[in-house]
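K.L.:
Okay, here's what each chain looks like letter by letter:
4 protein chains.
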Amino acid sequence: MTRVTVWNENRHEQKNPVVSEIYPKGIHGAIAEFLQSDNYEVRTATLDEPEHGLTEEVLENTDVLVWWGHLAHHEVQDEIVKKVQQRVLDGMGLIVLHSGHFSKIFKVLMGTSCDLKWREADEKERLWVVDPTHPIAEGIGEYIELEKEEMYGEHFDIPAPDELIFTSWFEGGEIFRSGCTFKRGNGKIFYFRPGHETYPTYHNEQVQQVIKNAVKYVKPADRKRPVYGNAQPLETISAK
Amino acid sequence: MTRVTVWNENRHEQKNPVVSEIYPKGIHGAIAEFLQSDNYEVRTATLDEPEHGLTEEVLENTDVLVWWGHLAHHEVQDEIVKKVQQRVLDGMGLIVLHSGHFSKIFKVLMGTSCDLKWREADEKERLWVVDPTHPIAEGIGEYIELEKEEMYGEHFDIPAPDELIFTSWFEGGEIFRSGCTFKRGNGKIFYFRPGHETYPTYHNEQVQQVIKNAVKYVKPADRKRPVYGNAQPLETISAK
Amino acid sequence: MTRVTVWNENRHEQKNPVVSEIYPKGIHGAIAEFLQSDNYEVRTATLDEPEHGLTEEVLENTDVLVWWGHLAHHEVQDEIVKKVQQRVLDGMGLIVLHSGHFSKIFKVLMGTSCDLKWREADEKERLWVVDPTHPIAEGIGEYIELEKEEMYGEHFDIPAPDELIFTSWFEGGEIFRSGCTFKRGNGKIFYFRPGHETYPTYHNEQVQQVIKNAVKYVKPADRKRPVYGNAQPLETISAK
Amino acid sequence: MTRVTVWNENRHEQKNPVVSEIYPKGIHGAIAEFLQSDNYEVRTATLDEPEHGLTEEVLENTDVLVWWGHLAHHEVQDEIVKKVQQRVLDGMGLIVLHSGHFSKIFKVLMGTSCDLKWREADEKERLWVVDPTHPIAEGIGEYIELEKEEMYGEHFDIPAPDELIFTSWFEGGEIFRSGCTFKRGNGKIFYFRPGHETYPTYHNEQVQQVIKNAVKYVKPADRKRPVYGNAQPLETISAK
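Protein chains in written order, with the UniProt record's numbering: chain E, 1 to 240; chain D, 1 to 240; chain G, 1 to 240; chain A, 1 to 240.
If you are wondering where the hints come from, they were derived from the structure by calculation, not from laboratory data.
Certain hints may be false.
As a list, the in silico DMTMM-like pairs of lysine to aspartate or glutamate whose alpha-carbon atoms are at most 20 Å apart [to be verified]: (1) D:Lys-219 to D:Asp-90; (2) D:Lys-104 to G:Glu-33; (3) D:Lys-216 to A:Glu-163; (4) G:Lys-212 to G:Glu-33.
Just chain E, same shape as in the assembly (with noise of 0.2 Å):
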């Protein structure tokens, strides 16, 4: 059974009343819930715990781990994210959602700024699905409409992702690459873009399909990590 944790940074819901009545059991709680009606092992993890809640034991029996932050990304101590990388590195699976396009790991992992525009103008966002055949799009029909969202445009500073499978329009005239896969090492990386704070989003079932999707995406393969340095000396291999 896959082992998902959910991290969320869990400020927005202290201090916003209006965070917390969309989010009674906060964005962490939202996405624990459909995620466990689906099945897996789930248990989730915030800012404000030892350690970010993200102890090595909890890495270690985490199959993928799902990441909200936007106010206190500054906060994540380095050796947490160094961490985190090299669980990534290992196999382990990471869906980086929204505002966690400037989360210190999604940044180590892309190397680049990860910097994009954004408005709040309770705009109209459709994701169009660009890549039919992705297990990540499956039960998605052509588009994911959401009547008000945070604004995100281009240009998105990520390296040219591994699969395009989502990109958003928005009604005050951008574009956005708004679901995104990366590989890294021997793990596999979703960035999806949805999920403002102030909206319901995460209560959206097609966005929560896209999610349960990704996560039977992004588990870890069956495989050995490779082996690395100095190899066998030089066999007679070609001497038949």
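Assemble the complex: chain E is given as a structure, and chains D, G and A must be docked to it using the hints.
P.N.:
Chains D, G and A alone, transformed into the frame defined by chain E:
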């Protein structure tokens, strides 16, 4: 000096006064003109010429072929299509414009239906640059805005492009991968979306800049075609 | 349950006792056998059956088509090739093996010559895993070693694969991109190099594992084909 | 005129007479020499200079940075690495050679361990061209052969390259993705494998040709860096 052949179906120009007013010398004439000013050696060819103007002699002396077609894709002879395809595989660059997405030559090179959504409703289009490193986007700002264009929407049934340079936003709610490169054999291909015949799109200086850049990008590398077939007998290559 | 059809030209088996001794039930029979043991619903089809065994009824009930051909690519009827291509674009998975690189179906889906170098010299092959995240490499170590195989060498004239999973080393000095995925329309394609008819390659358990994994990978996603053509008239989508 | 800075650790040259005999002016001196002959404006910089020779003034006046390091990656100051990374994201081209795969700058740009297999056994290497369209392969035949080199083998722990141009064959049974491009921010990166310090690899004319070609390829496109951050308030863009 790079030798460019601009191919145009040249039918709308004969039938529709709106088109012939915008493009008195035809779409091919307009494109040839701004390419000539960039110091390329340019000729034109059209559907109704013998062999569609694409004789072996013309093809052999073409480094980059620009393609615009719409009404009469089915009238292009299969034999000519095969010759063009072979020239692309041998290294000739190919720039496919707008409704050329449904040309035989583009479809045989892609292997897919190349189908898409469309709507003629005088919509605003914004072509956002999503790859700021790319020489095809040189001299272009963050986006190109076209006041009125035909809408093309996803899903665009092409293989995942090797490089995605532009993505279009349309007023009516759609997005489209509108600037894409592909490599086939020794040849480079650039698909560029804008250019519906009833709008003065090819008079837009930024659109012209992109096409000029593209000619430079898809022109053949200075290499011989690789050798295929039965290889040399096994050398005693590994015996030191 | 995934429904697999294993297609084989089945000519070498009739002519060459070396081949029929290695594969008494034909190459298709051998492949069908190990797929059946993996709980797939498997049937076979061969060139000399009516419609090459690929009637519309068979194609409509096939989730994944495996293809082995060599001597008689030209005997496969263009009409059947078109139907198979359409089925791939509609979502059917396709696994092309070894000399199938020159099959009509692979060439129309790639748009290139699919040419390569080759040599029959009983050379050792090592297929190195270059994408350790990929489910097609599940259960495989760092490489698969085949004591004797036909050599295939670069340049392999295919579009850049969407994912490169294996690259082969050959004793005589060549390398080859030997495990490649491609997406076309709604369909996923896997090309896998090994399997010259005079070697017992399809009895190798690791080769079998890769093909089993590939069936799982290329089987259709559960989606409806996107809608193409003239789109809805412009909604007043942006009017809040 | 393109301004190139060739950076070298320059330690082997001080310690090992084998190296200083092959490269009397250092590896940086040898590379600078053949680039100068190609009409580039070239300077060099080395580890033991103040700020490793990479002052802000030098970096700001560098279009393409070439990097060779091996023994002392850890001695490169993090602050300098950050500045170089920022310059790449701002558009400076970067060419990383051989053991530079383990440099801090390459690792932060890749986000992975960049680990690999290696063996020093005077093995023959053949770098096969797998992308014949690429300008970095201009003037190169089917492969480059180096009589003796250090072996690097897969798995090479990098993100899937944007373009794979060369793949190496080694006598002892390994293969390696030895010529790879990556885009990060506004910058283009080329990793090129050959160049172990005890072999005269950078005196090889084909290796020189590749590096010359690469300088041309990774030099910055003529564009302004995109605008990030809070975007303009929602225009009434859609209101016709």
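K.L.:
Confirm or reject each hint.
P.N.:
Each hint tested on the structure:
A threshold of 20 Å between alpha carbons decides the hint, and for Lys-219 (chain D) with Asp-90 (chain D) the separation of about 12 Å falls inside it, so the pair holds. A distance of roughly 41 Å separates the Cα atoms of Lys-104 (chain D) and Glu-33 (chain G); the hinted pair therefore is violated under the 20 Å criterion. Only pairs whose Cα atoms come within 20 Å are accepted, and Lys-216 (chain D) paired with Glu-163 (chain A) is accepted, the gap being roughly 19 Å. For the proposed pair Lys-212 (chain G) and Glu-33 (chain G), the alpha carbon gap of about 11 Å is at most 20 Å, so the pair holds.
Consistency note: the structure conflicts with earlier hint 2 alone.
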